[in-house]
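Student: In case you want the letters, here they are:
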Amino acid sequence: AQSVTQLDSQVPVFEEAPVELRCNYSSSVSVYLFWYVQYPNQGLQLLLKYLSGSTLVESINGFEAEFNKSQTSFHLRKPSVHISDTAEYFCAVSRGSNYKLTFGKGTLLTVNP
Amino acid sequence: DAGITQSPRYKITETGRQVTLMCHQTWSHSYMFWYRQDLGHGLRLIYYSAAADITDKGEVPDGYVVSRSKTENFPLTLESATRSQTSVYFCASNGGSINEQFFGPGTRLTVL
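One line per chain: the protein sequences are S and H, in this order. Counting from 1, one number per residue, gives the positions in the first sequence under the working numbering. Counting from 1001, one number per residue, gives the positions in the second sequence under the working numbering.
Since the hints were made in silico from the structure, they are not lab data. On a predicted model such as this, the values are computed, not experimentally measured, just so you know. Check before you lean on any hint, since a few could be wrong.
[Claimed, not checked] Label pairs and their computed distance ranges (CB to CB): (1) Gly1063(H) / Ala1(S): 37 to 43 Å; (2) Gly1040(H) / Ser84(S): 23 to 29 Å; (3) Glu1014(H) / Glu20(S): 42 to 48 Å; (4) Glu16(S) / Thr1015(H): 47 to 53 Å; (5) Pro113(S) / Leu1039(H): 21 to 27 Å; (6) Gly53(S) / Ser1084(H): 16 to 22 Å; (7) Asn41(S) / Thr1015(H): 41 to 47 Å; (8) Ala1050(H) / Ser80(S): 40 to 46 Å; (9) Pro1008(H) / Gln45(S): 38 to 44 Å; (10) Leu51(S) / Ala1050(H): 17 to 23 Å; (11) Ser26(S) / Ala1050(H): 36 to 42 Å; (12) Ser80(S) / Ala1052(H): 42 to 48 Å; (13) Pro1061(H) / Pro40(S): 25 to 31 Å.
[Claimed, not checked] Facing chain S, according to a computed beta carbon distance under 7 Å, are these residues of chain H, among others: (14) Thr1005; (15) Leu1043; (16) Phe1090; (17) Gly1095; (18) Phe1103; (19) Gly1106.
Glycine included, each C-beta is placed from N, C-alpha and C at the ideal position.
Construct the entire structure; sequences and hints are all you get.
Tutor: Here is the structure:
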């Protein structure tokens, strides 16, 4: 069975500061990794994904995540956050064979002015 | 409207009543999923479906029933609602590739 651990349940930062949201997974087989974002009172939206190839993946709004197989991690980073980045972020893993996702418990990112 | 929709968006019911949450997608995606979101637990998979008439249990299926007679619809029924089923429920779909799941806007269910 696979599991996902998001090490921080809440991360408060100031605007324009860098941020890292940590995600570790456990799986005995190859996996596909995802970060989803949930803005208040909305559903989840895909932020970025790692399927294969380059271990560094980027989103259109400045987030990036690096797949580290040896450390079984997929941490999400942004060099300078905005107020509008305030949201809950979920890391998820899929083995791919049945497209099911296993989610972490989420990290609430709060960006303060 | 194109996409994935859920109804109702908000529902208040009483313990012991039957409740059905609806999910509809317009993409003809093969896979559909039901999750519940609870504080401190993230999202947990209740049931999923690989195609019409094919369903399977997820992590927390007890107390829930699903059906999928048509590709585009995937209703979730709570046969006898309990307070522990108070939650936000999300439906999602996937076209069958190793790719993103598309989520509906959610249904906030309160069981009194």
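Student: With reference to the structure, classify each hint as holding or not holding.
Tutor: We went through each hint and held it up to the structure:
no. : hint                               : result
1   : Gly1063(H) / Ala1(S): 37 to 43 Å   : violated, 22 Å
2   : Gly1040(H) / Ser84(S): 23 to 29 Å  : holds, 26 Å
3   : Glu1014(H) / Glu20(S): 42 to 48 Å  : holds, 45 Å
4   : Glu16(S) / Thr1015(H): 47 to 53 Å  : holds, 49 Å
5   : Pro113(S) / Leu1039(H): 21 to 27 Å : holds, 26 Å
6   : Gly53(S) / Ser1084(H): 16 to 22 Å  : violated, 43 Å
7   : Asn41(S) / Thr1015(H): 41 to 47 Å  : violated, 26 Å
8   : Ala1050(H) / Ser80(S): 40 to 46 Å  : holds, 42 Å
9   : Pro1008(H) / Gln45(S): 38 to 44 Å  : violated, 22 Å
10  : Leu51(S) / Ala1050(H): 17 to 23 Å  : holds, 20 Å
11  : Ser26(S) / Ala1050(H): 36 to 42 Å  : violated, 25 Å
12  : Ser80(S) / Ala1052(H): 42 to 48 Å  : holds, 47 Å
13  : Pro1061(H) / Pro40(S): 25 to 31 Å  : holds, 29 Å
14  : Thr1005                            : violated, 11 Å
15  : Leu1043                            : holds, 4 Å
16  : Phe1090                            : holds, 6 Å
17  : Gly1095                            : violated, 9 Å
18  : Phe1103                            : holds, 4 Å
19  : Gly1106                            : holds, 5 Å
Going through the hint list in order, the structure does not satisfy hints 1, 6, 7, 9, 11, 14 and 17.
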